[in-house]
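Student: Sequence:
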Amino acid sequence: MRDVTTAQPLDVQPTPLALLLLGREADPKSERGVECPGDLPSPSDPDLVARARAAKEKLGDKVFVLGHHYQRDEVIQFADVTGDSFKLARDAAAKPEAEYIVFCGVHFMAESADILTSDDQKVVLPDLAAGCSMADMATAEQVAECWDVLTEAGIAEQVVPVSYMNSSADIKAFTGKHGGTICTSSNAKKALEWAFEQGEKVLFLPDQHLGRNTAVRDMGMSLDDCVLYNPHKPNGGLTAEELRDAKMILWRGHCSVHGRFSLDSVNDVRERIPGVNVLVHPECKHEVVAAADYVGSTEYIIKALEAAPRGSKWAIGTELNLVRRLANRFASEDKEIVFLDKTVCFCSTMNRIDLPHLVWALESLADGKLINQIQVDPETESFAKLALERMLALP
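Numbering-wise, our numbering puts 213 at position 213 of the sequence shown, and it's gapless, one number per residue.
If you're looking for bench data, these hints aren't it; they were derived computationally from the structure. Just so you know, even glycine gets a beta-carbon here, dropped at the ideal spot from N, CA and C. Warning: the hint list may mix true and false statements.
Beta-carbon label-pair distances, calculated as ranges [unchecked claim]:
id	residue 1	residue 2	range
1	Asp47	Asp148	53 to 61 Å
2	Ser118	Glu193	28 to 36 Å
3	Ser332	Gln375	40 to 48 Å
Build the full structure now, drawing on both the sequences and the hints.
Tutor: This is how it looks when you write it as structure tokens:
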């Protein structure tokens, strides 16, 4: 008989599924960087809520708090305005009397706000670690090297860069310097139409999926018109002939949240919920967008659910904080709103902006201490603003 008093502890390892649910592993079927941080911690204690209110009241009109749609409810309750990244940056620019702009979002959003606001305004990001995996997938050095590859292939003069708003100030500046424009998920088609009036080809940065979906779904191109430039391979992994034949040169980048939705997700939800409408963001993979009933930006998703009939059923392919907020908002209208994927997955970098960080930022400002200011250098700001102005001039 085994002596249980002296036996060694069993070496029990968590299964991959358990690790995924605990937020300690990536989904092996998703793209690189698509991790699932598990469920959020419970809301912060009431003392923090009271402290945030007190600090915000003390600052008065000197502070303007921006809250991106993907932020937690405990943070969004203190936002003066909510919206997507570009709307929020424009809202900040339209509030010149606010000395401090506290951006509850991620780094590239705060950079855009700094570019569009006056020199007298100070943009603060409550947690400097709140970055964006997609924006980080294209660095200034990598894009400069890509342009050298296009030059060597003899096509750089034919290429117009179009960069998604979800990019760093450096990438926006590169775009402005090389005659390109910025786009959002709402106006990507208009931006591409403008670009093809200026040149024969487009270098689309940094989200391959938005570029591909817009070109193929909205503009009638074929998948063969698109090539994927991988900055981690020599010459982007492409031959000069492939670059010369392409209309759309897509950067190999993606959103770590939208990239996890799959065709299996769509098929599964249709089986589970008969009559469901599948509504996804255009940052999703092409096969997901092709299988969905509706496709659109964050603002489009919100408006579609506002206009939806009572009792309708919806599976939403975007960030979970927003999906939960919409589900709660429309529950009284008997609209069934579910997350497209069965596994809980928040945007981990967005969720770095929690109530403790927001309280720290507001209390510091109330005490006259400027912390975590986001500043774009003048030259970068100049070229980035040029690219943004070209977008604003789109019809």
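Student: Please write out, lowest number first, the hints stated earlier that are contradicted by the structure.
Tutor: Of the numbered hints given earlier, the structure breaks none, since each of them holds.
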